[in-house]
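J.: The lines below spell out each chain.
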Amino acid sequence: MSNIPTSHVARPGRTPLTQTTWRYVGGLGLVVAGAAAALAAGPELAGANLAMVFLLCVLVSAVTFGLGPALASALLAALTYNFFFLEPHYTFRITHPADLVTFLVFFAVALATGWLAGRARDNARRVAGHANATALLLEASRALARTSAPDEAAQVLADQIAAATGGRAIVLLNGDDGLRLAGAPPGLSALDAASLEAAHRTWADTGTAEVADPARAWSFAPLDGVQARVGVVGLRTTAPGDGSDRPDLIGALLEQGGVVIERALLAAAASENAALRRADQLRTGLLTAISHDFRTPLAAILGSATTLSDYGDDLKPGVRRDLLQSIQQDAQQLNKHIGALLDMSQLEGGALRPKQDWTEVREIIGSALRRLRSRLAGHRIARDFASSLSLIKADPTLLEQALLNILDNAATWAPQGSAIRIAAHEDARNVLVSIEDEGPGIPPDQLHAVFDRFHRLSPAGSGGLGLGLSITRGFIEAMGGRVAAVSPLTAAGGTRFVISLPKVVETPRGLL
Amino acid sequence: MSFRPRILVIDDEAQIHRFLTPALTASGYDPVQAHTAAEGLRALALNPPDAVFLDLGLPDMDGQEALEKARAFYAGPIIILSARGREAGKIAALDGGADDYVEKPFGVGELLARLRVLLRRKSTSGDPVPVVTAGELEVDLRLAMVRRKGERVRLTPKEFKLLAVLVEGGEKVITHRQLLTAVWGPAHVHDTQYLRVAIGQLRQKLEADPAVPAHIVTEAGVGYRFLLDQGQTET
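Line by line, the protein sequences are chains H and Y. Heads up: the first sequence begins at 0 in numbering that gives the first Met the number 0, then just goes up one per residue. Heads up: the second sequence begins at 0 in numbering that gives the first Met the number 0, then just goes up one per residue.
Just chain Y, same shape as in the assembly (with noise of 0.2 Å):
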C-alpha cells in the first residue's frame, strides 16, 4: 500500500466538497473535509496534514486572519482558493504566509498541479537542490552559476539572487514585494520600476524569446513564478 499524502480542505461551499473530495481521492490523496475556519483549524492542530486548501471566504472568520492563525502552528503547504477580482486580498495572503492560490471557479486539473509543484517541493525541502535544471538552463545555486545550453551566462549579482529566489520558490507564485525585499532589501519594496527592469534583463540573457517567456512567468498584478518546463501550469 502506497503513502496517500492528508489534504485538508478548509471551504463552506459543500458543492466544493462533492467534487473535490473525489477528485483527490482518484488522484491518489486522502482528503479531509472542513466547513468553518474554526473545524479547519482543529483538523490542523490535531493531525496536520500534507497540505491545506484554504477558502479565503469563510462565514466564521476573516480569510487573512484564518491563516495567520494557521501559520501559528503549522508550516506545511498552504494554497489559497480565493474569488476572481480579489487581487488585494490575494496578495495579502501571500505576502502573509500562503504558498500559492487558485482562483475559483477552477479545473481540477490546474488545482492538482498547484498541490503537485508544493508537494514535490516539500518532498525534497531540507535538502535544496544545488542544481536546478529547466529546459535549457541550468541554475548551479550553491556556485551561483547559470548555463543556457552548456554555455555560461553571465548575470550581476542582482540578477542572480533574483533568479535564485524564484527558482527556489518551485514554480510557486512568488510576490513583488517578496522579490523586492529578498533581493533589493525591506526598504525598496514599493520600488517595481528595479524589478520591472531585472526581469526583463534575466529574460533576454536566459529566455529562447523574451516576448514569450518559458520559464519567468508574469502573474500580471501579483509577481512572477519560475517554470520548469513550459506548459506546466496551463490554465
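If we strip away everything but chain H, and leave its shape as in the complex, we get (with noise of 0.2 Å):
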C-alpha cells in the first residue's frame, strides 16, 4: 500500500506533539504525586518502603503512558529521592557512600522497571492498533464485497473512511460529466464549486489540493483501481481521534475500495452492453417478423380484396366464397401475430404483473380448448384429468394465453387426425399440465431453443412468428412455474410440453 499516495490526507486527530507532550506531563505528575504523598506521611516512610512508592510512581507511569515517559519519571524519581530523602536533604549531593550505592541501585531499578513496562505497554498498544485496524479493513471489505453497484460501493467506502477516521467522507466517481458525487455521508448532497474543483485537480494530477484547515475544506486523494483511476476521496476531519497508523489503513481501504468500484463499474457496463444487445436483437427480430409474416398475409388479404371488387361479377360463386374466406383466415392470423407482439412487449417492458388469484387448472384447460374449438376440429383430444386437482394461485389469462400458444403449435405440426393428449395431475408440490402431439417431433439439436424468440423450426410459411412458445415460457415463469420440452416420444416424433405451477403451500405453525 505504499505507493497510494495519502501523504496530503490530513491526519486526523490532535497533532502527535501535544499527545506526547500529556503523556510526559502525565508521568511527571505522577511522580510529583508520589513524592508529595512521601513527605506528607513523614519519617515513618522510609528506607526501602520509600523506594517502593517511587518505584510504583514509576511503574504506573510506564504503564499509563508508555517508554519515554516512563524513562522520564524515572530520572525525575531518583533526583526526587535524592533530592527529598537522601542526605543531606533538599540538596543533590549525597555524603555516604552507602546512599551512593541506594541511589544508584535504584535509579538503575527505576530505570529498568520503566523501560520494560514501557516497552511491553508501547507493544501491546500498537497490536492492539494493528488488530483495530486489522479489524477495520476486513469488516471494510465484507461491506465492500456486498455490493454490486459502482454507487453502492462508493457510499461504502465512504462510510467505512468515515468510520476508521472519525470524520467525514466523500467518494466521488467519474460521470458523464465530470465527476460526481456518488458516496457522501447523510445530509450531503452536492459539492461547492470550489471543492469540487480541488477534486477535479486531484482526478488529472495536476497538484494535489493543500489543505490549510483540515475542518473546513476536503482534502482529496485519488481512487485507483487495477487498470484505471476509478475517482476522487475527499476527507474532512471533524473530530479528534486515535491518528497513530491511520494513513496506512485509509491508503488499505482506497486501495480496496478502488478495485471494487472498478469491478462494479466494469460489471454495469458489461450488463448495460447486455441489455442493449438483446434489445437490438429484439428490434431486428421485430423488423423481420413485421416486414415478412406481417407481410404475406397482408399481400393475400389485399390481393384477394382488389380480386373481388375489379372482377367480382366475373368470378364464380365459389371462387369468390374461396377469396373470402382467404381474407377472413388472413386477418385472424394478423390479429394472432399482434397479439403476440402485445403479449411480447409486455413481457419485454418488464410491464407484467400476473393477477394471482385462485385457478382451477382443468378449467382453464377447457376454455382454452373451447377458444380453439375449431382450429382443433381435425384432432382428436384425449384428456386425463386428476378427478381432484388443488386450486393454484396463478393468473387465469396468462395461463389461458400460455396454454393456447402450445396447442396452437400442436394444430400447426401434428397431422390432421392425430391425437393431442392433455393430463393435469399434481404432486406433493405442484400442478403439472402436459400437452402431447404426434407431430413429428423436434430435432434434439434444436430442443434447447425451442422456447428462444423468433426461433422457428421451418424457415417460414407454417405463419408462426417464432414467438408463441417465448411467450408461454415468460408467461409461465412470471407466474412461478416452469415449463419444457420433451422430443421425441417415440421414435415416430411426437411432443410433450410439461407445465408445473407451484401449489400454495402454508408451512404449519409448528415448523417454524
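A hint or two may mislead.
[Unchecked claim] Taking lysine-lysine and the DSSO-like style, the derived pairs with C-alpha atoms no more than 30 Å apart in a straight line are:
| id | chain 1 | residue 1 | chain 2 | residue 2 |
| --- | --- | --- | --- | --- |
| 1 | Y | K157 | H | K354 |
| 2 | H | K392 | Y | K160 |
| 3 | Y | K160 | H | K354 |
| 4 | Y | K204 | H | K392 |
| 5 | Y | K103 | H | K502 |
| 6 | Y | K103 | H | K392 |
[What the hints assert, rightly or not] Now the in silico label distances, taken between C-beta atoms and shown as ranges:
| id | chain 1 | residue 1 | chain 2 | residue 2 | range |
| --- | --- | --- | --- | --- | --- |
| 7 | H | A267 | Y | G184 | 47 to 55 Å |
| 8 | Y | T180 | H | R374 | 50 to 58 Å |
| 9 | H | S389 | Y | T20 | 48 to 56 Å |
Treat the hints as calculated values from the structure; they're not laboratory data. Predicted, not measured: the structure shown is a model, and the values here were computed from it. All C-beta atoms, glycine included, are put in the ideal place defined by N, C-alpha and C.
Hints given; two lone chains; assemble the complex.
T.: Next up, the structure:
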C-alpha cells in the first residue's frame, strides 16, 4: 500500500506533539504526586518502603503513558528521592557512600522497570492498533464485497473511511460530465464549486489540494483501480481521534475500495451492453417479423379484396367464397401476430404484473380448448385429468394464453386426425399440465432453443412468428412456474410440453 | 312491416361503422351511429335505443365514465367493445353495469350472437321464466329444483344460488365479483376459491363431461357464462 499517495490526506486527531507532551506531563505528575504523598507521610515512611512508592509511580506511568514518559519519570523519581530523602536533605549531593549505592541501585531499578513496562505497554498498544485496523479493513472488505453497483460501493467506502478516521468522507466517481458525488455522509448531496475544482485537480493529477484547515475543507486523494483511476476520495476531519497508524489504514481502504468500484463499474457496463444487445436483437427480430410475417397475410388480403372488387361479377360463386375466406383467415392470422407482439412487449417491457388469483387448472384448459375449438376440429383431443386437483394461485388470463400457444403449436405440427393428449395432475408441490402431440417432434439439436424468441423450426410458411413458446415460457415463469419440452417421444416423433405451477403450500406453524 | 330494434353504436372509428351499419341493417336491425361519447349520450337520452354498443376507447371521455353516465338514465342492454389485453377495464365495465363485451377485432357473427342473447332476455324480462331448459338440464328457479335427463339433482343451497344467478344472466357473462357478491355476500368478493370449488361441484353434478363443460363456461380471468345450448357463442 506504499504506492498510494496519502501524504496530503490530513492526519486526523490531535497532532502527535501535543499528545506526547500530555503523556510526559502525566508521567512526571505521577512522580510528583508520589513524592508529595511520601513527604506528607513523614519519617515513618523511609528506606526501602519509600523507594517502593517511587517505583510504583514509575511503573504506573510506564503502563499508562509508555516508554518515554516512564524513563522521564524514573529520572525525576531518582532526583526527587535524592533531593528529599537522602542526606543531606534538599540537595543533590550524597554524603554517605552507602546512600550513593542506594541511589544508583534505585535509579537502575527505576529505569529498568520503566523501560520494561513502557515497552510492553507500547507493544500492546501497537498490536491493539493493528488489530483494530485489521478489523476495520476486514469489515470494509466484507461490506464492499456485498455491493454490486458502483454507487453502492462508493457509499460503503465513504462510510468505512469515515468510520476509520472519525471524520467525514466523500467518494466522487467519474460520470458523463465530470466527477459526481457517489458516496457521501447523510445530509450531504452536493459539493461546492471550490471543492469540486480541487477534486478535479486531484483526479487529473495536476496538483494535490493543499489543505489549510482540514476541519473546513475537503482534502482529496485519488481512487485507483487495477487498470485505471475510478474516482477521488475526499476527507474532512471533525472530531479528534487516534491517528497513530491511520494513513496506512486509509491507504489500504482506498486500494480495496478502488478495486471493488472498478469491478462494479466494469460489471455495470457489461450488463448495460447485454441489455442493449438484447433490445437490439428484439428489434431486429421484430423488423423481420413485421416485414415478412405481416406482409404475407396482408398481400393475400389486398390481393383477394382487389380481385373481388375488380372482377367480383365475373367470378364463380365458389371462387368468390374462397377469396372471402382467405381474407378472413389472413386477417385472423394478423390478429394473432399482433396479439403475440403485444404479449412480447409486455414481457420485454417489464410491465407484466400477473394478477394471481385462485385458479382451477382444468377449468382453464377447458376454456383454452373451447377457444381453439375450430382450429383443433381435425384432431382427437384426449383428456386425462385428476378427479380432484388443488387450486393454485395463478393469473388465469396468462395461463390460458400460455396453453393456447402450446395447443396452437400442436395444431400446426400434428397431422390431421392425430391425437393431442392433455393431462392435468399434481404432486406434493406442483400442479402439472402435460400436452402431448403426435407431430414430427423437435430435432434434438433444437430442443433447447424452442423457447427462444423468433426461433422457428421451419424457415417460414407455417405462419408463426416464432414467439408463441417464448411467450408461454415468459408467462409461466412470471407466475412462478416452469415449462419444459420433451421430444421425440417415440421413434415416430411426438412432442410433450410440461407446465408445472407451484401449489400454495402453507408451512405448518409447528415447523416455524 | 316488422319491428326493427334500434341499435346505437358508439365508436370513434369510421371503419367500424362502415361495416357494422350494413351488417346490422342486413340482420334486421336499425343502426344509429355515434362517433363520440357526447354524441352517443345525447342520442341515448333523446331516443333510447333497444341496445347499445359502446367502445371503451373513445377520444372525448373515459370509457368507464361514459358507461356510468349512460347507466344514469338508460337501463337497456349495453355491450362493451374492448381491445385485447385490457382485462381490467373490461371487468370494471362489467361490474359497472355493462351487460357483456366483445373483443376487438371481432367477427360480425360473434357480435350479433351477443346482441341476440341480450335482446331476447330483454323481451322476456318483467316476466321471469320460472323453468329454464338447457339441453338435458331443467332448472326450476321458483321451486329451486334441478333435473338432469328428468332425474332430480341434489344441490346445496349455495350451489343452487350460484346456478340461479348464472341462469338468470341468460347467457351473458357474470363476473367473479358479481357471483361472489350475490351468493356469498359483499364481504367475500375476493374469495375466488369458494367460487372455483362451487363451480367444480356444479359441473360434476350437471355437466355430461365436467372436463368439457357445455353449459357452465369459463371466461378466463373474467367470470362465467351459462349457455343454454352448446356452441352458440363460438368465437
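J.: So the hint says 50 to 58 Å: do the beta-carbon atoms of T180 of chain Y and R374 of chain H match that?
T.: Because 36 Å falls outside the window, the suggested range is violated.
J.: Is the straight-line distance between the alpha-carbon of K204 of chain Y and that of K392 of chain H 30 Å or less?
T.: holds, 25 Å
J.: Take a quick look at whether K103 of chain Y and K502 of chain H sit within 30 Å of each other, Cα to Cα.
T.: violated, 34 Å
J.: Check the hint pairing K392 of chain H with K160 of chain Y against an upper bound of 30 Å on the C-alpha distance.
T.: Answer holds: K392 of chain H to K160 of chain Y is near 26 Å, not above 30 Å.
J.: If you check the beta carbons of S389 of chain H and T20 of chain Y, does the distance land in 48 to 56 Å?
T.: holds, 50 Å
J.: Under the criterion that the straight-line Cα-Cα distance not exceed 30 Å, is the pair K160 of chain Y, K354 of chain H satisfied?
T.: holds, 27 Å
J.: Using the Cβ atoms, figure out if A267 of chain H sits within 47 to 55 Å of G184 of chain Y.
T.: holds, 53 Å
J.: Keeping to a limit of 30 Å between CA atoms, is the pair of K103 of chain Y and K392 of chain H held or broken?
T.: Measuring from Cα to Cα gives roughly 28 Å; hence the hint holds.
J.: Holds or violated: K157 of chain Y with K354 of chain H, Cα cutoff 30 Å?
T.: Roughly 27 Å separates the two Cα atoms, so the pair holds.
When the structure is compared with the earlier hints, violations turn up for hints 5 and 8 and for no others.
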